[in-house]
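Peer 1: Chains as they are written, first to last, in the working numbering: chain Y, 33 to 274; chain B, 33 to 274.
It cannot be assumed that every hint is accurate.
Just a sample of chain B residues kept apart from chain Y, beta carbon distances all over 12 angstroms, derived [claimed, not checked]:
id	residue
1	Ala45
2	Pro51
3	Arg67
4	Ala99
5	Ser118
6	Gln123
7	His177
8	Ile196
9	Arg261
Pairs of lysine to aspartate or glutamate residues, derived as EDC-like cross-links and limited to a Cα-Cα distance of at most 20 angstroms, are as follows [claimed, not checked]:
id	chain 1	residue 1	chain 2	residue 2
10	B	Lys195	Y	Glu190
11	B	Lys108	B	Asp41
12	Y	Lys195	B	Glu190
13	Y	Lys108	Y	Glu125
14	Y	Lys195	B	Asp41
15	B	Lys195	Y	Asp204
16	Y	Lys195	B	Glu205
17	B	Lys195	Y	Glu205
Across the chosen pairs, the derived CB separations fall in these ranges [stated by the list, open to error]:
id	chain 1	residue 1	chain 2	residue 2	range
18	Y	Lys195	B	Leu57	54 to 60 angstroms
19	B	Arg67	Y	Arg74	46 to 52 angstroms
20	B	His254	Y	Asp130	33 to 39 angstroms
21	B	Met189	Y	Leu50	31 to 37 angstroms
22	B	Ala68	Y	Pro248	37 to 43 angstroms
23	B	Ala68	Y	Gly194	50 to 56 angstroms
24	B	Ala274	Y	Ala45	35 to 41 angstroms
25	B	Arg67	Y	Ala133	37 to 43 angstroms
26	Y	Asp58	B	Pro215	31 to 37 angstroms
27	Y	Ala252	B	Met189	53 to 59 angstroms
28	Y	Pro135	B	His254	49 to 55 angstroms
29	B	Ala42	Y	Ala253	47 to 53 angstroms
30	Y	Thr166	B	Arg67	36 to 42 angstroms
31	B	His254	Y	Asp58	47 to 53 angstroms
Treat the hints as calculated values from the structure; they're not laboratory data. No residue lacks a Cβ here, since even glycine has one placed at the ideal position from N, Cα and C.
Number of protein chains: 2
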Amino acid sequence: MTQNIYDDDAFFAGYSRLPRSVEGLDGAPEWPALRALLPDLRGKRVLDLGCGFGWFCRFAREQGAAAVLGLDVSDKMLARARAETSDPAVQYEHADLDSVALPDEIFDLAYSALALHYLVHLDRLVANIARALTPGGRFIFSAEHPLFTAPSRPGWMEAAGGKIWPLDRYLDEGPRVTDWLAPGVVKQHRTIATYLNLLIGAGFRIDHVEEWGPTPEQIAAHPEWAVERDRPPFLLIAATRA
Amino acid sequence: MTQNIYDDDAFFAGYSRLPRSVEGLDGAPEWPALRALLPDLRGKRVLDLGCGFGWFCRFAREQGAAAVLGLDVSDKMLARARAETSDPAVQYEHADLDSVALPDEIFDLAYSALALHYLVHLDRLVANIARALTPGGRFIFSAEHPLFTAPSRPGWMEAAGGKIWPLDRYLDEGPRVTDWLAPGVVKQHRTIATYLNLLIGAGFRIDHVEEWGPTPEQIAAHPEWAVERDRPPFLLIAATRA
Chain Y
33 MTQNIYDDDA
43 FFAGYSRLPR
53 SVEGLDGAPE
63 WPALRALLPD
73 LRGKRVLDLG
83 CGFGWFCRFA
93 REQGAAAVLG
103 LDVSDKMLAR
113 ARAETSDPAV
123 QYEHADLDSV
133 ALPDEIFDLA
143 YSALALHYLV
153 HLDRLVANIA
163 RALTPGGRFI
173 FSAEHPLFTA
183 PSRPGWMEAA
193 GGKIWPLDRY
203 LDEGPRVTDW
213 LAPGVVKQHR
223 TIATYLNLLI
233 GAGFRIDHVE
243 EWGPTPEQIA
253 AHPEWAVERD
263 RPPFLLIAAT
273 RA
Chain B
33 MTQNIYDDDA
43 FFAGYSRLPR
53 SVEGLDGAPE
63 WPALRALLPD
73 LRGKRVLDLG
83 CGFGWFCRFA
93 REQGAAAVLG
103 LDVSDKMLAR
113 ARAETSDPAV
123 QYEHADLDSV
133 ALPDEIFDLA
143 YSALALHYLV
153 HLDRLVANIA
163 RALTPGGRFI
173 FSAEHPLFTA
183 PSRPGWMEAA
193 GGKIWPLDRY
203 LDEGPRVTDW
213 LAPGVVKQHR
223 TIATYLNLLI
233 GAGFRIDHVE
243 EWGPTPEQIA
253 AHPEWAVERD
263 RPPFLLIAAT
273 RA
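Same shape as in the complex, but just chain Y (with noise of 0.2 angstroms):
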């Protein structure tokens, strides 16, 4: 079962306090190549899987989105989602992503933003969600690189020349137990090629892969980014079900 870290106190309260939990979607630096991955959003039907605070369901709704329905596992977060939300056309409900079951051909465009790394049983979300889409219909999401999540050690390293992602267990996919704003914070290591051929077994199309790092005006803005391009934090994935 997947872990539910989102609504453990000292891990909400740090959450809490990211620069894309305070400033919303412009506080993520990925952001910006994730939306230009988007299609138009006017009059569509629109699934966020893990929504946590509802940054992007309120800005489906200012692009046109005719109705937004927002999923996430953590109490706390739909809270506030729901408090900060004043509009008729984006609901919010509580679901484990793992064991949900979505309607049949009901959305356009289903979205998740670093939350399918969380998940153990990925395969069976996926084909839920090629059923959920209509024909035609893009899944786009973020997720944790790969490359970020598969090191038994992660975290940077100094070397003879220079800073040093130390690289083990790629191949190795499974659960990786790190410490991040909370101890014993589990996430589900899976290789780019499981990604992609989880999507196309499932019926999707591969539209898109980004492996993001920071643009060289965010490093300018941000020098201490500049290492994320030794190793990228963030893969994005753009597909439609054909």
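Place chain B on chain Y using the hints.
Peer 2: Just chain B now, with coordinates in the frame of chain Y:
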């Protein structure tokens, strides 16, 4: 311009002693995985990009291919390929894959094993291959995995807790100079995303992606290969011209 290191005397001598040069396809540990991606070859017109000693060209004919064209930039390799092939349906031609012009819609399968990571103008070649394939034609290839080519100091490092692969420069695409069989071998590092997006942009549908590592059976036979699962050495991709 792409370096033609295979015609370097020292490199050629070293390459000729590798298991894959002595034993042929079965001397390459990734061959079973690559073979599993191939379609039925009976009656097919096959193009081998970087055919080397011609092992795959002869294999394709054994499997019933109607005609096979092997291209390589190395005259030394082509000389041996021709000497070891007595089959009028297999042709070998000298070609620099970075600038070769292929005829339109003539092949059912384009195949390439461990050649594309040498090419400077891969975008051009991929567009070329898309045109050279019949509609529904397949493009199946292996290349050195981007994790293998990325680092400034490629090679396992001892660290507290075990061996690590010192990753850096992953998003920094371009030439990498290494000493493998001969000094100063130039490869072109590209990310997985770039391989995939090049294919998609040229009109290919991605069918399967494999980040190859040794199987448990292979590790039982060659325990020293186990470490390759920490950082996959090969990337295998199967695509179809839409």
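Peer 1: Work down the list of hints and note, for each, if the structure agrees.
Peer 2: Each hint tested on the structure:
1. At the 12 angstroms boundary, the C-beta of alanine 45 of chain B stays outside the reach of chain Y, the nearest C-beta of that chain being 31 angstroms off.
2. Consistency note on proline 51 of chain B: stated as away from chain Y, and its beta-carbon is indeed over 12 angstroms from all of that chain's, at 22 angstroms minimum.
3. Separation of arginine 67 of chain B from chain Y is adequate, the least Cβ-Cβ distance of about 17 angstroms exceeding the 12 angstroms criterion.
4. The claim that alanine 99 of chain B is not at the interface with chain Y holds, since no C-beta of that chain comes within 12 angstroms of its own (minimum 30 angstroms).
5. Its beta-carbon lying about 39 angstroms from the closest one in chain Y, serine 118 of chain B satisfies the requirement of being farther than 12 angstroms from that chain.
6. The beta carbon of glutamine 123 of chain B is kept farther than 12 angstroms from every beta carbon of chain Y, the shortest such distance being approximately 34 angstroms.
7. For histidine 177 of chain B, the shortest C-beta to C-beta distance to chain Y comes to about 9 angstroms, within the 12 angstroms cut-off, and the non-interface label is violated.
8. Once the 12 angstroms rule is applied to beta carbons, isoleucine 196 of chain B is inconsistent with being away from chain Y; the minimum gap is 4 angstroms.
9. Distance check on arginine 261 of chain B: its Cβ comes as close as 4 angstroms (rounded) to a Cβ of chain Y, failing to clear the 12 angstroms threshold; non-interface status is violated.
10. For the proposed pair lysine 195 of chain B and glutamate 190 of chain Y, the alpha carbon gap of about 15 angstroms is at most 20 angstroms, so the pair holds.
11. Note on lysine 108 of chain B and aspartate 41 of chain B: the hinted pairing holds, with a Cα-Cα distance of about 9 angstroms set against a maximum of 20 angstroms.
12. Among the hinted pairs, lysine 195 of chain Y with glutamate 190 of chain B is consistent with the structure: their alpha-carbon atoms are about 15 angstroms apart, no more than 20 angstroms.
13. Restraint check for lysine 108 of chain Y and glutamate 125 of chain Y: the C-alpha separation of about 12 angstroms stays at or below 20 angstroms, so the hint holds.
14. Between lysine 195 of chain Y and aspartate 41 of chain B, the direct Cα distance comes to roughly 36 angstroms. Violation of the 20 angstroms bound is thereby established for this hinted pair.
15. Between the alpha carbons of lysine 195 of chain B and aspartate 204 of chain Y the distance comes to roughly 15 angstroms, so the proposed pair stays at or under 20 angstroms and holds.
16. Taken as a hint, the lysine 195 of chain Y and glutamate 205 of chain B pair is honoured in the structure, with Cα atoms around 18 angstroms apart against an allowance of 20 angstroms.
17. For the hint linking lysine 195 of chain B to glutamate 205 of chain Y, the alpha-carbon distance of about 18 angstroms falls within 20 angstroms, and the restraint holds.
18. Separation of lysine 195 of chain Y from leucine 57 of chain B is about 40 angstroms and departs from the stated range, judged on CB atoms against 54 to 60 angstroms.
19. Here the CB-CB span from arginine 67 of chain B to arginine 74 of chain Y is close to 48 angstroms, well matched to the stated 46 to 52 angstroms.
20. Between histidine 254 of chain B and aspartate 130 of chain Y the C-beta distance comes to about 37 angstroms, which sits within the given range of 33 to 39 angstroms.
21. Between methionine 189 of chain B and leucine 50 of chain Y the Cβ separation comes to about 32 angstroms, which falls inside the hinted range of 31 to 37 angstroms.
22. For alanine 68 of chain B and proline 248 of chain Y, the hinted distance range of 37 to 43 angstroms is satisfied, since their beta carbons lie about 41 angstroms from each other.
23. In this structure the supplied range 50 to 56 angstroms is violated for alanine 68 of chain B paired with glycine 194 of chain Y, their Cβ-Cβ distance being about 39 angstroms.
24. Range check, alanine 274 of chain B to alanine 45 of chain Y: Cβ separation about 49 angstroms, and the 35 to 41 angstroms hint is violated.
25. The beta-carbon spacing between arginine 67 of chain B and alanine 133 of chain Y, approximately 40 angstroms, falls within the hinted interval of 37 to 43 angstroms.
26. For the pair aspartate 58 of chain Y and proline 215 of chain B, the beta carbons lie near 49 angstroms from each other, so the given range of 31 to 37 angstroms is not met.
27. Range check, alanine 252 of chain Y to methionine 189 of chain B: Cβ separation about 31 angstroms, and the 53 to 59 angstroms hint is violated.
28. Roughly 50 angstroms separates the CB atoms of proline 135 of chain Y and histidine 254 of chain B, a value that falls within the hinted 49 to 55 angstroms.
29. In this structure the hint that alanine 42 of chain B and alanine 253 of chain Y lie 47 to 53 angstroms apart at CB holds, the actual value being about 48 angstroms.
30. Between threonine 166 of chain Y and arginine 67 of chain B the beta carbons are some 38 angstroms apart, a value that agrees with the proposed interval 36 to 42 angstroms.
31. At about 51 angstroms, the beta-carbon gap between histidine 254 of chain B and aspartate 58 of chain Y stays in the expected band of 47 to 53 angstroms.
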